[in-house]
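Whole structure, please, built from the sequences with the hints as guidance.
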Amino acid sequence: NAGVTQTPKFRILKIGQSMTLQCTQDMNHNYMYWYRQDPGMGLKLIYYSVGAGITDKGEVPNGYNVSRSTTEDFPLRLELAAPSQTSVYFCASSYSPEVGTQYFGPGTRLLVL
Amino acid sequence: AQTVTQSQPEMSVQEAETVTLSCTYDTSESDYYLFWYKQPPSRQMILVIRQEAYKQQNATENRFSVNFQKAAKSFSLKISDSQLGDAAMYFCAYRSGGATNKLIFGTGTLLAVQP
Chain A
55 NAGVTQTPKF
65 RILKIGQSMT
75 LQCTQDMNHN
85 YMYWYRQDPG
95 MGLKLIYYSV
105 GAGITDKGEV
115 PNGYNVSRST
125 TEDFPLRLEL
135 AAPSQTSVYF
145 CASSYSPEVG
155 TQYFGPGTRL
165 LVL
Chain B
19 AQTVTQSQPE
29 MSVQEAETVT
39 LSCTYDTSES
49 DYYLFWYKQP
59 PSRQMILVIR
69 QEAYKQQNAT
79 ENRFSVNFQK
89 AAKSFSLKIS
99 DSQLGDAAMY
109 FCAYRSGGAT
119 NKLIFGTGTL
129 LAVQP
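Line by line, the protein sequences give chains A and B.
For the first sequence, my numbering assigns the number 55 to the initial residue and increments by one for each residue that follows.
For the second sequence, my numbering assigns the number 19 to the initial residue and increments by one for each residue that follows.
By construction, these hints were calculated from the structure, which means they are not laboratory data.
You may find that some hints are simply not true.
Said to hold, decoys possible - Distance condition first, Cα-Cα at most 20 Å in a straight line; then the derived SDA-like pairs of lysine to any residue:
#: 1; chain 1: A; residue 1: K98; chain 2: B; residue 2: G116
#: 2; chain 1: B; residue 1: K120; chain 2: A; residue 2: G107
#: 3; chain 1: A; residue 1: K111; chain 2: B; residue 2: G115
#: 4; chain 1: B; residue 1: K88; chain 2: B; residue 2: A130
#: 5; chain 1: B; residue 1: K91; chain 2: B; residue 2: T42
So, in structure tokens, the structure goes:
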């Protein structure tokens, strides 16, 4: 049981490039989330999903897109990368809101130059 | 909108001593959950403890306990018998009682443990 896995661990992008951050969980959780963490700050929610085929915006969705075609995978797409998107990105999953516990992946550090 | 405030950017404690990290929050909701997450240098977020707002009893997990003051909207974390492995960034988080399970995080408190 690997939990929540994220790839890559670190990436450098040039301004205007695009990339996909991968997130996979093997706990059969319905709920999945993408957060970003800027230096010295707490995590902010980008997008979330309550099940396959269902996604919704969080607090800071601009510049990102998501899809959820399977229960296990929740990729985050960055189009036209900007320096403001330099951050650490965390994926998380949870079984149900009643339980309330989210399990986090190890994070992806992204640097946009 | 709900907010979470951690007013202590950094704290330090001697090994084996006790330390308390502060957290306050603002909400008009009556049904919600509060969490403390630990983020060690590896950056992975680890759940430390959870408190349901409807429970009057303070949550406890081994050396970690909370002081939940609902009327004051305060949710502090007490770490007893501090260990070197407790050194990390600690985040307080709030979740509404609704169905989406979205977490709102504070800015964190960096805890150093001195040997």
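Status of each hint after checking the structure:
no., hint, verdict
1, K98/A to G116/B, "18 Å, holds"
2, K120/B to G107/A, "18 Å, holds"
3, K111/A to G115/B, "18 Å, holds"
4, K88/B to A130/B, "28 Å, violated"
5, K91/B to T42/B, "6 Å, holds"
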